[in-house]
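Novice: Each chain, written out:
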Amino acid sequence: MKVKSPLEIYKYLPKTNCKECGYETCMSFAAQIIERTVKPTDCPPLVRDAEKDSKVKKQLEELIELTSPEIAEVIIGVGDNAVKIGGEEVLHRHELTFFNPTAFFFDVWDTLDENTLHERCSRVVEYRKFYVGFSLTLDGIAVRCTSNDPKRFREVVKKVAEYGKPMILVALNPECMRVALEEVADRRPLIYAATEANWKEFLKLALEFKVPVTLRSKNLDTLKSMAKTFKEAGVKDIVLDPVTEPLGEGLKRSFERVIQLRRTAILGGDKDVAYPIMVTPISAWLIEGDDVTKGYWEAVIASTFIIKYADIMILRNLEQYTVMPTIILRYNIYTDPRTPVQVESGLREINNPGPDDPVFITTNFALTYYTVESDLISGNIKGWLLVLDTGGLGVEVSVAGGQFNATKVKELLDETKIAEKVNHKYLVIPGLAARLKGAIEDETGWNVLVGPIDSGRIKGWLEGNWPPKKE
Amino acid sequence: MAEKFTIEEFFKLLKKYNVEELEGVRIEGDLEIEFEGGVIDPNLINALIGLSSYMQLIQEFGAFLYHTNMALTYLQRLSQALGIPTPFAAAPSVVVPEVKPLEVPELKIPDKLIEAKFKPYRVEYLGKIEEVTLGATRADGGTREKTVTIGGERSLAFYLFDAENPHMPVIAIDVFDRPPALAKAVREHYEDVLNDPAEWAKKAVKDFGADLVTLHLISTDPLLENKPAREAVKTLEEVLQAVKVPVIVGGSGNKEKDPEVLEKAAEVAEGERIMLASATLDMDWERIANAAKKYGHVVLSWTQMDINNQKTLNRYLLRRAGVPRDSIVMDPTTAALGYGLDYAFTNMERIRISGLRGDEDLNFPISSGTTNAWGAREAWMKDSPIEGDTPWGSRELRGPIWEIITGLTLALAGVDLFMMMHPGAVVVLKEWMNTLYENIKESVKDPDAWITMEV
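Residue numbers (the UniProt record's numbering), protein chains in the order written: chain A, 1 to 471; chain B, 1 to 455.
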């Protein structure tokens, strides 16, 4: 966004500190706008006044313009499934955070047999990967026109639309695109792609059907020309595809083009290229080799550009060995580095434990917690899991930093009334917290057992250590 | 598509609004309009002006007008002739877009693209990453056949369009002095050499293309064999005999014993310019640094994902122990994909950017223990322990890619030296690095072909 200081935003706000937005002061609300956790329209009095007073309305519009993201945001699809891309502010995640994760679209094509079409669409719809408390899912389906037959393309697009996922329509022939849009324009698909050869027809389609459009060119002058032309003609939702070449020098140049586009938009302030970027790892399927080679290389290209600025991708391989690592990489790269990922502290009951079962303790760092939790669940271990609030830090770091300490352990024992639920006084602490054994025993009066360093070894550890030998 | 607007339809519309007749007007054929007598009946004008739904009428005409300039001309002519002050007679282009019932906006398609020149934003850094050479040939007092130099960057990793970076990152393969716990997919490649570190090192270089080997002296671990340092370093001598690439030597990770082990290793490898892995803040780093200085080796400065600690340890090594600037490599800690990779990535990226911006406590090459990727359960577990997860599929294929993507991610953050294990992962990561270093010329002829491919 153009403004860097809350002061610049503050002057547009009512300055009444009315707290209607949920923040104590207008200044702290302004600071939240800078952090992108709220929008100007989250200030209720400002919105109300804008409705009545055209002068305020103008101010609000100005503020929205000033605080809009560096890279335009584009929405594909409608309703709950719609996916938002772009909206980025920085080149490195530690400078703020990345906002809208790279959207994954998997391809189908209109000469595909019905069963395979259904199978691929279903896999996209049904995909789930459980990770730090979330279910990671896939974003959409790209329908390619391989028949060059408008009627056929229309039919298949209609079928795919029924799966309810956002779509990219892939056809360079404007006639095919037109009939498909007549069928599904109200689903707000992204159309792919306007090129130097067909841009007039695609510009017409984008305007007529009011759908987002991808512009495609290897030549960045041409790409910028097209973006300027489309914008001037009234198209707001633009995606840039600087062409993904899958191999050798071609891939190297693609890498350069993507970085130059994003860097020039953000650091160079070139608004004509400040749009979401499309990358097509699917082009890896043009190389020689077996499916695993192609799938691996597709995942390599995808990973490169998940890290370096792709906002949306078209992919082919739906096998877990590539979907799982790329979807997790996406989650990792787009996690907000400003807030440690954490879970609620307290007591969790694992596998319906009874009074004889062990009591474990871990931290509220999501990664630690879910690893321990899933280890206990998958190991069929019955137990009580205490989750200590370490401010989202892992065991090793919080022991060193003092967030994991005996006083807090005692408080947690008291709060959760765990002593009333079990008929023993044995607490299993993580191996990495071994040095707190004495302090916790002194503070709480419980016996402390030092568990393994890796929660994956709890099962084996219990065999030798539980129930505890009476002293 | 242009809709036909005929005079008949015009009359129908007039009728709809209770205009019975246009007196004094005679319309011939489709186009010609003539006025009899030259005088317009004021009643007609009043009739039209007085229409309560006048604007609606205008809009209904608008529907036709929008599409056919011909019709517009008719109506303009007609209204002018009738003396009715229709808005479109005066400024048709203003009224037309306001036509409400129409969905289709005015499409102004330009004839050609607006010309534009893309000017890439240039980034230059003042700083430079130190160049560190590992291994020494006979000329330099060692017995290596080749040396490996890392670092020297003046731009972000692989941004060769900003500045030429002299050295592509290199890959070392891990070798252990006793069989370690390994994932099945890794173990099967080393099954025949697990009990012979020298053969293991040979295999890593000859069969799997390692640029260097890292020998981990885990047998020295007091909790395992507790092998004395003096004895353990014999394996180092064997490995130095077996391969001619530069060697990295690691301890067991025991803070008390490692300094002694690495000291002995430094001694027996005098002149070979090995890397001692590693010095950390919570051990006797000075002893390791002194050994490196004394015998001409490189120190790996290892911290736990904390840029400030990294800075502190580097300063200690540089200023307190006096290690030369060309003899420090950093290991800011590698976490696996899905298990803290985001922290590792951002930490390394920040360290690298600081180095490029001129922070002389941080401008050293970076090393990554990429083998850590195998700690992720997705890399080795048979299937998901979580109910409702899409099945994980073949783990033989999951493991290597876990290592590849962990490495690739950190390569983009600035890693210069990878320590890896799976031969397939080594091959793919190298291929990718060679590609971005433009060492691979071959390209796909038609990168558009995927758009219409039928497989």
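It is worth saying that the hints were derived from the structure and are not from the lab.
Beta carbons are placed, not taken as given, at the ideal position from N, Cα and C, and that holds for glycine.
Misleading hints may appear alongside valid ones.
[What the hints assert, rightly or not] List of simulated lysine-lysine pairs, DSSO-like, C-alpha gap at most 27 Å:
no., chain 1, residue 1, chain 2, residue 2
1, B, Lys382, A, Lys271
2, A, Lys421, A, Lys459
3, B, Lys206, B, Lys441
4, A, Lys294, B, Lys184
5, A, Lys236, B, Lys112
6, A, Lys204, A, Lys228
7, A, Lys308, B, Lys146
8, B, Lys382, A, Lys459
9, A, Lys231, A, Lys84
10, A, Lys228, A, Lys200
11, A, Lys57, A, Lys151
12, B, Lys445, A, Lys218
13, A, Lys308, B, Lys445
14, A, Lys382, A, Lys308
15, A, Lys236, B, Lys117
16, B, Lys128, A, Lys218
17, A, Lys271, B, Lys445
18, B, Lys108, A, Lys228
19, A, Lys218, A, Lys84
20, A, Lys437, B, Lys146
21, A, Lys218, B, Lys184
22, A, Lys200, A, Lys218
23, A, Lys294, B, Lys430
24, B, Lys430, B, Lys206
25, A, Lys228, B, Lys119
26, A, Lys2, B, Lys108
27, A, Lys57, A, Lys39
28, B, Lys382, A, Lys382
29, A, Lys231, B, Lys184
30, A, Lys308, A, Lys200
31, A, Lys231, A, Lys151
32, B, Lys128, B, Lys146
[To be verified] Incomplete in silico selection of chain B near chain A, CB under 7 Å:
no., residue
33, Asp221
34, Leu223
35, Leu224
36, Leu341
37, Trp380
38, Lys382
39, Asp383
40, Trp392
Novice: Could you run down the list of hints and mark each one as holding or not?
Specialist: To see whether the hints hold, each was checked on the structure:
1. Simply put, lysine 382 of chain B and lysine 271 of chain A have alpha-carbon atoms about 49 Å apart, too far for the 27 Å limit, and the pair is violated.
2. Between lysine 421 of chain A and lysine 459 of chain A the CA atoms are separated by roughly 22 Å; this keeps the pair inside 27 Å, and the hint holds.
3. A C-alpha spacing of about 25 Å is found between lysine 206 of chain B and lysine 441 of chain B, which places the hinted pair at or below 27 Å, so the restraint holds.
4. With a C-alpha separation of about 24 Å, the suggested pair lysine 294 of chain A and lysine 184 of chain B falls inside the 27 Å cut-off, and the hint holds.
5. Proposed proximity of lysine 236 of chain A and lysine 112 of chain B is supported: the alpha carbons are some 19 Å apart, at most 27 Å.
6. With a C-alpha separation of about 15 Å, the suggested pairing of lysine 204 of chain A with lysine 228 of chain A holds against the 27 Å cut-off.
7. A threshold of 27 Å between alpha carbons decides the hint, and for lysine 308 of chain A with lysine 146 of chain B the separation of about 34 Å lies outside it, so the pair is violated.
8. A distance of roughly 17 Å separates the Cα atoms of lysine 382 of chain B and lysine 459 of chain A; the hinted pair therefore holds under the 27 Å criterion.
9. With a C-alpha separation of about 19 Å, the suggested pair lysine 231 of chain A and lysine 84 of chain A falls inside the 27 Å cut-off, and the hint holds.
10. Distance hint between lysine 228 of chain A and lysine 200 of chain A is fulfilled; the C-alpha atoms sit about 13 Å from each other, no more than 27 Å.
11. Of the supplied pair hints, the one linking lysine 57 of chain A and lysine 151 of chain A is violated, its CA atoms being roughly 47 Å apart against a limit of 27 Å.
12. The hinted pair formed by lysine 445 of chain B and lysine 218 of chain A meets the criterion: a straight-line CA distance of about 14 Å does not exceed 27 Å.
13. Taking the CA atoms of lysine 308 of chain A and lysine 445 of chain B, the gap is about 24 Å. The hint holds against a cut of 27 Å.
14. At most 27 Å may separate the alpha-carbon atoms for a hinted pair to count; lysine 382 of chain A and lysine 308 of chain A exceed this at roughly 44 Å.
15. Of the pairs offered as hints, the one joining lysine 236 of chain A and lysine 117 of chain B holds, with about 21 Å between alpha carbons and a cut-off of 27 Å not exceeded.
16. For the suggested pair lysine 128 of chain B and lysine 218 of chain A, the alpha carbons sit about 32 Å apart, so the restraint of at most 27 Å is broken.
17. Pair hint lysine 271 of chain A plus lysine 445 of chain B does not hold up; C-alpha atoms about 32 Å apart against a cutoff of 27 Å.
18. Among the hinted pairs, lysine 108 of chain B with lysine 228 of chain A is consistent with the structure: their alpha-carbon atoms are about 14 Å apart, no more than 27 Å.
19. Between lysine 218 of chain A and lysine 84 of chain A the CA atoms are separated by roughly 25 Å; this keeps the pair inside 27 Å, and the hint holds.
20. For the hint linking lysine 437 of chain A to lysine 146 of chain B, the alpha-carbon distance of about 51 Å lies beyond 27 Å, and the restraint is violated.
21. Note on lysine 218 of chain A and lysine 184 of chain B: the hinted pairing is violated, with a Cα-Cα distance of about 44 Å set against a maximum of 27 Å.
22. Proximity of lysine 200 of chain A to lysine 218 of chain A is assessed by CA-CA distance (about 18 Å); at most 27 Å being required, the pair is judged to hold.
23. The hinted pair formed by lysine 294 of chain A and lysine 430 of chain B meets the criterion: a straight-line CA distance of about 16 Å does not exceed 27 Å.
24. Using a Cα cut-off of 27 Å, the hinted pair lysine 430 of chain B and lysine 206 of chain B holds, with the two alpha carbons roughly 15 Å apart.
25. A hinted pair counts as satisfied when its Cα atoms are at most 27 Å apart, and lysine 228 of chain A with lysine 119 of chain B qualifies at roughly 14 Å.
26. Restraint check: the Cα-Cα separation between lysine 2 of chain A and lysine 108 of chain B comes to about 31 Å, which exceeds 27 Å; the hinted pair is violated.
27. Of the supplied pair hints, the one linking lysine 57 of chain A and lysine 39 of chain A holds, its CA atoms being roughly 15 Å apart against a limit of 27 Å.
28. At most 27 Å may separate the alpha-carbon atoms for a hinted pair to count; lysine 382 of chain B and lysine 382 of chain A meet this at roughly 22 Å.
29. A distance of roughly 55 Å separates the Cα atoms of lysine 231 of chain A and lysine 184 of chain B; the hinted pair therefore is violated under the 27 Å criterion.
30. With a C-alpha separation of about 31 Å, the suggested pair lysine 308 of chain A and lysine 200 of chain A falls outside the 27 Å cut-off, and the hint is violated.
31. For a cut-off of 27 Å, the pair hint linking lysine 231 of chain A to lysine 151 of chain A is broken: about 30 Å separates their Cα positions.
32. Of the pairs offered as hints, the one joining lysine 128 of chain B and lysine 146 of chain B holds, with about 24 Å between alpha carbons and a cut-off of 27 Å not exceeded.
33. A cut of 7 Å between beta carbons decides the hint on aspartate 221 of chain B: the least distance to chain A is about 14 Å, and the hint is violated.
34. For the restraint placing leucine 223 of chain B at the interface with chain A, the shortest Cβ-Cβ distance is roughly 12 Å, beyond the 7 Å limit, so the hint is violated.
35. At its closest, the beta carbon of leucine 224 of chain B sits 15 Å from a beta carbon of chain A; the interface hint therefore is violated under the 7 Å criterion.
36. Restraint check, leucine 341 of chain B versus chain A: the minimum CB separation of about 5 Å is within 7 Å; hint holds.
37. Interface hint status for tryptophan 380 of chain B: violated, as the beta-carbon distance to the closest one in chain A is roughly 10 Å, over 7 Å.
38. Annotation: interface hint on lysine 382 of chain B violated; nearest CB of chain A at approximately 11 Å, more than 7 Å.
39. About 10 Å separates the beta-carbon of aspartate 383 of chain B from the nearest beta-carbon of chain A, more than 7 Å, and the hint is not met.
40. Contact between tryptophan 392 of chain B and chain A, as hinted, is supported at the beta carbon level, the nearest pair being about 5 Å apart and thus within 7 Å.
Of the numbered hints stated above, those contradicted by the structure are hints 1, 7, 11, 14, 16, 17, 20, 21, 26, 29, 30, 31, 33, 34, 35, 37, 38 and 39, listed in ascending order.
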